[in-house]
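Protein chains: 4
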Amino acid sequence: MRKSILIFSVIFLSVSMAAKSRIVTVDIDSRILGCVKTTSVYLPDGYDENTGDKYPVLYLLHGLGGTHETWKEYGMQTVCDLHLAAGLAKPMIIVMPDASGVNPNHRGRNSGYANRPGWNYEDFFFQELVPAVEQEFRIQGDREHRAVAGLSMGGHGSALFAMYHPEYFSSAYLMSARLSGVPGVSDDRTEDYVEMLREYEFTRVFPQMSDKELAEIAKVRWFLDCGDDDYLLDGTLTLFSQMRSKGIPAELRVRNGAHNRHYWIESLPVALTFVSAGFTE
Amino acid sequence: MRKSILIFSVIFLSVSMAAKSRIVTVDIDSRILGCVKTTSVYLPDGYDENTGDKYPVLYLLHGLGGTHETWKEYGMQTVCDLHLAAGLAKPMIIVMPDASGVNPNHRGRNSGYANRPGWNYEDFFFQELVPAVEQEFRIQGDREHRAVAGLSMGGHGSALFAMYHPEYFSSAYLMSARLSGVPGVSDDRTEDYVEMLREYEFTRVFPQMSDKELAEIAKVRWFLDCGDDDYLLDGTLTLFSQMRSKGIPAELRVRNGAHNRHYWIESLPVALTFVSAGFTE
Amino acid sequence: MRKSILIFSVIFLSVSMAAKSRIVTVDIDSRILGCVKTTSVYLPDGYDENTGDKYPVLYLLHGLGGTHETWKEYGMQTVCDLHLAAGLAKPMIIVMPDASGVNPNHRGRNSGYANRPGWNYEDFFFQELVPAVEQEFRIQGDREHRAVAGLSMGGHGSALFAMYHPEYFSSAYLMSARLSGVPGVSDDRTEDYVEMLREYEFTRVFPQMSDKELAEIAKVRWFLDCGDDDYLLDGTLTLFSQMRSKGIPAELRVRNGAHNRHYWIESLPVALTFVSAGFTE
Amino acid sequence: MRKSILIFSVIFLSVSMAAKSRIVTVDIDSRILGCVKTTSVYLPDGYDENTGDKYPVLYLLHGLGGTHETWKEYGMQTVCDLHLAAGLAKPMIIVMPDASGVNPNHRGRNSGYANRPGWNYEDFFFQELVPAVEQEFRIQGDREHRAVAGLSMGGHGSALFAMYHPEYFSSAYLMSARLSGVPGVSDDRTEDYVEMLREYEFTRVFPQMSDKELAEIAKVRWFLDCGDDDYLLDGTLTLFSQMRSKGIPAELRVRNGAHNRHYWIESLPVALTFVSAGFTE
Chain A
506 MRKSILIFSV IFLSVSMAAK SRIVTVDIDS RILGCVKTTS VYLPDGYDEN TGDKYPVLYL
566 LHGLGGTHET WKEYGMQTVC DLHLAAGLAK PMIIVMPDAS GVNPNHRGRN SGYANRPGWN
626 YEDFFFQELV PAVEQEFRIQ GDREHRAVAG LSMGGHGSAL FAMYHPEYFS SAYLMSARLS
686 GVPGVSDDRT EDYVEMLREY EFTRVFPQMS DKELAEIAKV RWFLDCGDDD YLLDGTLTLF
746 SQMRSKGIPA ELRVRNGAHN RHYWIESLPV ALTFVSAGFT E
Chain B
506 MRKSILIFSV IFLSVSMAAK SRIVTVDIDS RILGCVKTTS VYLPDGYDEN TGDKYPVLYL
566 LHGLGGTHET WKEYGMQTVC DLHLAAGLAK PMIIVMPDAS GVNPNHRGRN SGYANRPGWN
626 YEDFFFQELV PAVEQEFRIQ GDREHRAVAG LSMGGHGSAL FAMYHPEYFS SAYLMSARLS
686 GVPGVSDDRT EDYVEMLREY EFTRVFPQMS DKELAEIAKV RWFLDCGDDD YLLDGTLTLF
746 SQMRSKGIPA ELRVRNGAHN RHYWIESLPV ALTFVSAGFT E
Chain C
506 MRKSILIFSV IFLSVSMAAK SRIVTVDIDS RILGCVKTTS VYLPDGYDEN TGDKYPVLYL
566 LHGLGGTHET WKEYGMQTVC DLHLAAGLAK PMIIVMPDAS GVNPNHRGRN SGYANRPGWN
626 YEDFFFQELV PAVEQEFRIQ GDREHRAVAG LSMGGHGSAL FAMYHPEYFS SAYLMSARLS
686 GVPGVSDDRT EDYVEMLREY EFTRVFPQMS DKELAEIAKV RWFLDCGDDD YLLDGTLTLF
746 SQMRSKGIPA ELRVRNGAHN RHYWIESLPV ALTFVSAGFT E
Chain D
506 MRKSILIFSV IFLSVSMAAK SRIVTVDIDS RILGCVKTTS VYLPDGYDEN TGDKYPVLYL
566 LHGLGGTHET WKEYGMQTVC DLHLAAGLAK PMIIVMPDAS GVNPNHRGRN SGYANRPGWN
626 YEDFFFQELV PAVEQEFRIQ GDREHRAVAG LSMGGHGSAL FAMYHPEYFS SAYLMSARLS
686 GVPGVSDDRT EDYVEMLREY EFTRVFPQMS DKELAEIAKV RWFLDCGDDD YLLDGTLTLF
746 SQMRSKGIPA ELRVRNGAHN RHYWIESLPV ALTFVSAGFT E
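Residue numbers (our numbering), protein chains in the order written: chain A, 506 to 786; chain B, 506 to 786; chain C, 506 to 786; chain D, 506 to 786.
Accuracy of the hints is not assured; some may be wrong.
Which copy is meant is left open, so a pair is good if it fits within one copy or across any two.
Stated by the list, open to error - No farther apart than 27 Å at their CA atoms in a straight line, the calculated lysine-lysine pairs in the DSSO-like style are these:
hint, residue 1, residue 2
1, K559, K717
2, K559, K751
3, K559, K525
4, K751, K577
5, K577, K717
6, K525, K724
7, K577, K559
8, K724, K559
9, K525, K751
10, K724, K577
11, K525, K577
What the hints contain is simulated information worked out from the structure, not anything from laboratory work.
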């Protein structure tokens, strides 16, 4: 009995170690931002072997105080490996940009994903990062195979990108997003960041959108996900109701949880499956 | 306050009622079986509007004592509507064949999905049902967009179809499948059915397969799913170990549950997501 | 190999068939309602053997158009058996009252769980049903071991019972509850029922409660659960926000789903676990 | 609108910050081990206020290479806070012992939870740690309110403690436990550790247990939980079958996952609920 068990063990091990995904980094010398920004890129198992294949792409955004390495630190690689290996999502490339300020130790310019005076991050993203990354890696590069997701400030960024650039994304997945309320300036939150949130408070901005804008936004597949103990829950619930009342289909999930990495690492597989089903053929 | 709430309610209602999937039936006059067999077919929301679109297909098999209506009685339509509307699976056509005997009240020929003397169901399925259905409906009709799933005797049938006809299916999802053990004849189980199980006891048959057969079987994406209180669990665990030991990737899930519709209706969304991710582009 | 498998199968079967729960009915000749009301009662595995034990109790309410048999028809027995056997909830007695009108074919008096002119169901429940049932069966019968749950109209009833009689219940679990909006009269909804909803629209009534009432309500453990495609979702979200803003702890969950039995049968195990953790020692 | 939203945000924040659990450490000067061992102890929200209350206790064991701080590093505090606050488990004290060698940098004596020559950890646990901890904190301290759980080597330890000392525990929850197979000596695994596994290989040891031992073991509530990509899965499946075949009730779950912290942090809430339902009244 023990002998056969040992053999199984060895074989299981080889199976579970077969996933050869890797996370690489790319440096982009940004003319728009005036500095070099590093981006982390998850390449799925098989990327190096199937050199004739192109892949869909998910842009995965970090929250306030994070960097391009935050999702990696949360353990996204293991979670993605298993979920892809399980066949519950399509093989995809996952790009994790960096929205922190120039100096990693100086958050002075950490102002979210929108354009701000002197720090046009939104322009950087669409004019420099997306073209650079999609050329560097074998990415299909059309709307039908591009999605965006993010947590907290990155959930806000996902809303921003997919509402103002809906022609870029087939799906948007917002985790614990900051969608309503403008907090005060604090150690963590610069005046610039607070001002950005005031300008793009989506529960206020969304209801003002024109029918033409809404028609485009409706083409994106939306998913809102927030824990019931999250202090930002109200924004998610309000925007969801607003979207539905405007006839824009959206998914909503509220699990047990608060504003932390434990919630987000459990949301990630759901996001992978959701964006996968939107990668049309 | 109440006014706005009423408006929301009305709108929500219209959203949730928007799914216009339907289940139709098709009668196939089978030369092979010598009788007419009715098949239920789930057509997803949008099928009637998007007349230029073709769809992937899932063959969904019932268990011992069931008919083409069993999955419908379990509530598959609601579950599929919601899961597809949630974007957690791709729009697909779901075909539910009937493996009961000629006379609905006479189970004498309810012998599973394999060929039996005088009742070549397997031939009927591949030579008559699949061609008829895939011509009648807008089905893509290639291996990359065809999957099979089933419960109990239908899980056995899914294993049978995907192991002996792997060129037909990209994915196979086995729920509470009868994969080991040969029960005695009883009120429910005819001698013919028991004999069929003896011939195709997969925990015995699978280890004898040739390397060439295994190479083909490995191209199918496999998912085994069984409750921890299911009296058939042992077959699932054994076949899973055998498949892994032969280097054939497979997923395994064991949730809380026994051999009943409550377990299967919870497995169905997982199956939809799993086969969707295998519908390649 | 096959021999040992057969043995396992037999043993598994005996394990899964070991649960000897049963559902019995009790007829209560109600002076208050002026008719006989039948109640279904789930007695857990072990009830007949452990004759020295008393059990906690969950009152489980049906929705509009239902009867004391509705939860049984949904399959509550299997789901409860498995969840209790799994040790994920405490053994408990589950009482399923009947809030349908006198004549089962005449819904004229199906007016929810509140007192109405000529149909004082709330009085019946607290003055007749609870005492009768808790005497008939070995129920602990104190607040610490009593909970209420229900779906749709029964979710409304659960809110009603636990807000106006908080001294009776340690926990309340509301599934897809009607908590806001007053629908028009229809085939299903009598004038009396609509009038009752108008009187007890909780998103309007709750904010008017006194601090003293709120202090009692806060002693109940609250759980609100509703599908994201449910046309009644807005009431759940609004009441949850109102409760939190009044400092009353509550849980919220939103899964994928609409207003149907598939959602509720998946909520039931969560409810069992939640009320179990509130059955203090 | 924005005003009310801001108010909600503030209130939500106060709710989610209300949990005042804390993790403290206790040093035990062990005569048996000949050194000081530090233990981490999770005290739930309310412990400091409800000074008249005693609590049930869960012993939560780390894996090979871990210490008393490993579960803390995995984020157990947040996960437990939320799950307890959600009312899905009872308030409990969670004790995290340290089974690493004397010198934190020297793993030479990291030999699991059993007695080894010169390192009688099992004796230390039952004769010194349990009495010391249960005296230091307000722990109920009887079998009905004591449980054990652990991951990998700690899953092995949980099996060891609950099989050889069943009078101590009402529940045992094994995560990704090493239950079969004896690996070779390596950088991580000392000769002593390998020898211990050889002596206590449960798929070999368990079938040899006497009826008297089995009768005691059957009084413990068992739960086995392992990922389908875990290289140790086979041991879990085999022991589960062995236990069932001996008539010992046990739960089994197999989710998607491998041998890592992502799997265990998702198992933890299930474990809390399971052991809670076993804390009898």
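Now for the hints, and whether the structure bears them out:
In this homomeric assembly, K559 and K717 never come within 27 Å of each other (Cα to Cα): the closest approach is 33 Å inside a single copy and 30 Å across copies. Neither within a single protomer nor between protomers do K559 and K751 lie at most 27 Å apart by alpha-carbon distance, with minima of 36 Å and 30 Å respectively. For a Cα distance limit of 27 Å, the shortest separation of K559 from K525 inside one copy, 17 Å, qualifies, whereas the shortest one across copies, 34 Å, does not. Taking CA atoms no more than 27 Å apart as the test, K751 paired with K577 passes in neither setting, with 36 Å inside one copy and 33 Å between copies.
Taking the shortest Cα distances, K577 and K717 never come within 27 Å of each other, neither inside one copy (38 Å) nor across copies (40 Å). For the homomeric pair K525 and K724, the shortest alpha-carbon distance between copies (19 Å) is at most 27 Å, but the shortest distance inside one copy (34 Å) is not. Within a single copy, K577 and K559 get their C-alpha atoms as close as 23 Å, which meets the 27 Å cut-off; across copies the closest is 39 Å, which misses it. Taking identical chains as interchangeable, the C-alpha atoms of K724 and K559 lie at most 27 Å apart whether they share a chain (24 Å) or sit on different chains (20 Å).
Taking the closest pair of Cα atoms, K525 and K751 come within 27 Å of each other only across two copies (20 Å); inside a single copy the shortest separation is 44 Å, beyond that limit. Taking identical chains as interchangeable, the C-alpha atoms of K724 and K577 are never at most 27 Å apart, the minima being 30 Å within one chain and 31 Å between chains. In this assembly of identical chains, the alpha carbons of K525 and K577 lie at most 27 Å apart only when taken from the same copy (16 Å versus 29 Å across copies).
Hint compliance for this structure: hints 1, 2, 4, 5 and 10 are not met, and every other hint is.
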